[in-house]
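> Each chain is listed here by its residues.
Protein chains: 2
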Amino acid sequence: MTMLTDAPRRRQIEDVASALFRASGYSATSVRDIARALDMQGASLYSHMASKEDVLWSIVDRAASAFEEAAELALEAAPARDPRARVMALVRAHVGVIARDPGQASVFVAEWRHLAGDRRAAILERRDAYEARLRSLLADGMAAGEFALADPAIAATFLLSALNGAATWYREDGRMSADQLADQYADLALRTLTEDTR
Amino acid sequence: MTMLTDAPRRRQIEDVASALFRASGYSATSVRDIARALDMQGASLYSHMASKEDVLWSIVDRAASAFEEAAELALEAAPARDPRARVMALVRAHVGVIARDPGQASVFVAEWRHLAGDRRAAILERRDAYEARLRSLLADGMAAGEFALADPAIAATFLLSALNGAATWYREDGRMSADQLADQYADLALRTLTEDTR
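Listed in order, the protein sequences are those of chains A and B. Note that this note's numbering has the first sequence beginning at 1, numbered continuously upward. Note that this note's numbering has the second sequence beginning at 1001, numbered continuously upward.
If you are wondering where the hints come from, they were derived from the structure by calculation, not from laboratory data. The beta-carbon is built from N, C-alpha and C at its ideal position, and this holds for glycine as well. It is possible that part of the hints are untrue.
[Said to hold, decoys possible] Label pairs and their computed distance ranges (CB to CB):
(1) A:Asp151 <-> B:Ser1051: 41 to 47 Å
(2) A:Ala85 <-> B:Arg1032: 49 to 55 Å
(3) A:Asp82 <-> B:Gln1180: 28 to 34 Å
(4) A:Ala77 <-> B:Tyr1046: 57 to 63 Å
Please build the complete structure, drawing on both the sequences and the hints.
Given below as structure tokens:
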């Protein structure tokens, strides 16, 4: 067995906690459940984490960063004046983050509300900023005559709900690869934004 | 103050529990929290309910019935051979159930997994049957050449995630009426299913 430094051990704790939070929810998962899944004693687990909320925060913060960075990179690489390509790039990036770590994404989507105080406020702010970025892409597309939307804010919410749904059901060992999921979701998302002209 | 018979009292308990489960999650809500919100003693609350899970079951079962009955009525009233009209009718019915009682719908969407045993199995089966109905409407639309979908199962999941998202954010006192929400979501849903022909 390889020696683990603290960083990978901590990451291992977060991964196990993500899986448990995804399956049973944050509140229904105890520190003892996490320790048991790692074959550790509770006391020794506490040498790697201050509290259950501390682990939740690490997972949610890491997920938020993953979504933000993927969006940033995707939009830098996408053509500046092609709203369709930009939305497709953002959707593919978003779905890619979910597919790479559905446990982490599912905790971000469903369990962030168990954070309190400043942490909760910080995540709410980052979620809002992320959604605002999508809204602004939709508004760009409307201005360019590419998207026909009655209400870009509602469309952005509709889309993010659809995409985030994948966090609860997607499995890396399931019938779809991450690329297939991204292709299908990007296609469905683009249709949602464009007028049915038949 | 009017005398309450047991049935409305029980319904009142379920409504208060729905709101608390929606805000904090099922696991994080105690029977004491429910009693406090109703200004009741825990012991007196237990004369109206066997357990917290019993209340969860009532809410989820009632929500499932509301979705099923609304879909049934909407599809009976919709033209038999018009897949677009049938999907629109189902989406409007689904969104209507959410808008009429977002608390109940949100518990159905997010908290059903806290049910155990037969109850959990029964709800899973009803959710599957409901999703299968949407899938079959999508397949009808593909057969009729109305919808162009690479994978109707994925499209059905995408759509239900988008619609169910409204359960977490929709407020009866917010800026949109239930009808406006249904109109917008039905429009976005229909676009999602139809080919972008530009």
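> Give me the numbers of the hints this structure contradicts, sorted from smallest to largest.
none
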